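Chemist: Start from the sequences, fold in the hints, and give me the full structure.
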Amino acid sequence: MGVGIEVRGLNAWYGKNLSLKSIDMTVQANHVTAVIGPSGCGKSTFVRCLNRMHETIPEAHAEGLVKVGEMDVYGSGSDPVEVRRRIGMVFQKPNPFPTMSVYGNVAAGLKLNGLRNRKQMDELVERSLKLAALWDEVKDDLHKKSGASLSGGQQQRLCIARSLAVEPEVLLMDEPASALDPISTSKIEELIFQLKQHYTVVIVTHNMQQAARVAEFTGFFLMGSLIEYDKTEKIFTAPADKRTEDYITGRFG
Amino acid sequence: MRSRFQQGLDELKEKLLKMGGLAEQAIDRATEAYRTRDSKFCQMVLTGENAINDAEREIDELALDLLAMQQPMAIDLRFILAVLKINADLERVGDQAVNIAQRVLDLISEPELSLPVDIPRMADSVSTMVQRALESFLDGRAEVAEAVLQMDGIIDRMKDEAFVILVRRMHDDPQCTRQALNVLLIARALERIADHATNIAEDVIFWVRGADVRHGGAHFRE
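Same order as they appear, the protein sequences are chains A and B. Counted from 1, the first sequence has number 886 at position 106 by our numbering; the numbering is strictly sequential. Counted from 1, the second sequence has number 214 at position 180 by our numbering; the numbering is strictly sequential.
What the hints contain is simulated information worked out from the structure, not anything from laboratory work. There's no promise every hint is true.
As the list claims (entries may be wrong) - Residues from chain A shown here face chain B by an in silico Cβ test under 7 Å; the list is partial:
1) Q900
2) E903
3) Q989
4) F1016
5) A1018
6) P1019
What the hints assert, rightly or not - So the derived label-pair ranges between C-beta atoms look like this:
7) B/G55 with A/T806: 49 to 55 Å
8) A/E1013 with B/R248: 16 to 22 Å
9) B/D44 with A/D920: 53 to 59 Å
10) A/I963 with B/D158: 19 to 25 Å
11) B/Q184 with A/G820: 55 to 61 Å
12) B/L51 with A/T806: 51 to 57 Å
13) A/H986 with B/D44: 49 to 55 Å
Note that the structure is predicted; figures quoted are calculated from it, not measured. Heads up, the beta-carbon is just placed ideally off N, CA and C, and yes, glycines get one too.
Modeler: Encoded structure:
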């Protein structure tokens, strides 16, 4: 099951540049939350702070409270590897391991985590591919087909399956459909909608219609600050802040 | 430079205001017909209806195009929804003006009869309501729209009074039933126009403030 996320006073830097300014946000468990805003507003930085991916960039660091369920992400005993297992991430460009089969791609994280039981692995791979709505399209060629031979949309669903295999509680998605055609996009969107039954999903998107279609909550970021955070229908029909309205109506950004 | 979308919204507004002008003109002509018992004004209302219907279709088409092509959000989305609803209300205003014109034609086919109901006064108030509702739409002024909402009760009372007076008159003097019934129907048409003006004002408030003030409440999205 998904867990909620509590963010309090989160600041993030690139070198000396403060790129996230004291973010407070509560992400509901088993809901889809969209993060929108113009380029450079800090929305990707924000989600990368949630699973400690931000600090993998040289000279980048973050401070503040991020609690994912009971886990204190920046607490003293926190292990970044464990954080990233529990908080999976899917990126803009599908990045399957090109030399590995479909099966190998999904099983990669499980192997890294030390799973050796073949039967258990088969079950987890099948479950993950089913959850990612890819199973029916690849089940006959699991071991022969390479991840790179799939279409763009299938590759992205493969990456989602790979993230799900290690049984995370939260799934972060950074522009997961921006490189895909409309049919693949709608499959991913439908998938996101299904996934929230089991996971908490946070999605960064430039496509406001996509945010409106898939998310129950939406946060608008501008210049490193969270300007407005509310139910999606409120944000897209009657936002409270003029800056949100100006952005979503295309008056700037 | 205005974006293509902004140009589309401006065009929509312009077309709706033009249609509003036609609807106002129809009310004024119908009232003038009653006041002067001149069938020429009735004919003008009847022939003018086509222009209102054409305008309604054009506005619907343009609004549909903007929704489909531009996928508007927030205040722009509320604006287009408000335009669609106001459009339907203005078309109904046109229909009610036609109803009045038809009643007047029937009235003037018989000798003039003095009835103690001040239809021109009621018509002036209704016309003012429509005018102010359109004014509030022109500049997005919710406070003007609120003033329109306040006027609706006055018109309702005028219509109720007219009903009591006219029904009593019909009862006392059955000879004048046909005339009194026509006047009663005119009062009812005017009251309905006031209801449409109220709807328009509510839609302007929804557009500007994002609040639903229909049915006597102020409902903001949570």
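Chemist: If a hint holds in the structure, say so; if it does not, say that too.
Modeler: Do the hints match the structure? See the list:
For A/Q900, the shortest C-beta to C-beta distance to chain B is roughly 46 Å, which exceeds 7 Å, and the interface hint is violated. At about 42 Å, the closest approach between the beta carbon of A/E903 and any beta carbon in chain B exceeds 7 Å, and the interface hint on this residue is violated. At its closest, the beta carbon of A/Q989 sits 6 Å from a beta carbon of chain B; the interface hint therefore holds under the 7 Å criterion. Because the beta carbon of A/F1016 sits about 5 Å from the nearest beta carbon in chain B, less than 7 Å, this interface hint is met.
Against a cut-off of 7 Å between C-beta atoms, the interface hint on A/A1018 holds, since the closest Cβ of chain B lies about 3 Å away. Here the hint on A/P1019 is kept, as its CB sits about 6 Å from the closest CB of chain B, short of 7 Å. The supplied range of 49 to 55 Å is met by B/G55 and A/T806, whose beta-carbon atoms lie about 51 Å from each other. Distance hint for A/E1013 and B/R248: a CB-CB separation of about 18 Å, consistent with the stated range 16 to 22 Å.
Restraint check, B/D44 to A/D920: a C-beta distance of roughly 57 Å satisfies the suggested window 53 to 59 Å. Checking the proposed 19 to 25 Å range against A/I963 and B/D158 shows it is violated: the Cβ atoms sit about 60 Å from each other. Separation of B/Q184 from A/G820 is about 48 Å and departs from the stated range, judged on CB atoms against 55 to 61 Å. A beta carbon spacing of about 45 Å between B/L51 and A/T806 contradicts the range 51 to 57 Å that was offered as a hint.
Between A/H986 and B/D44 the C-beta distance comes to about 27 Å, which lies outside the given range of 49 to 55 Å.
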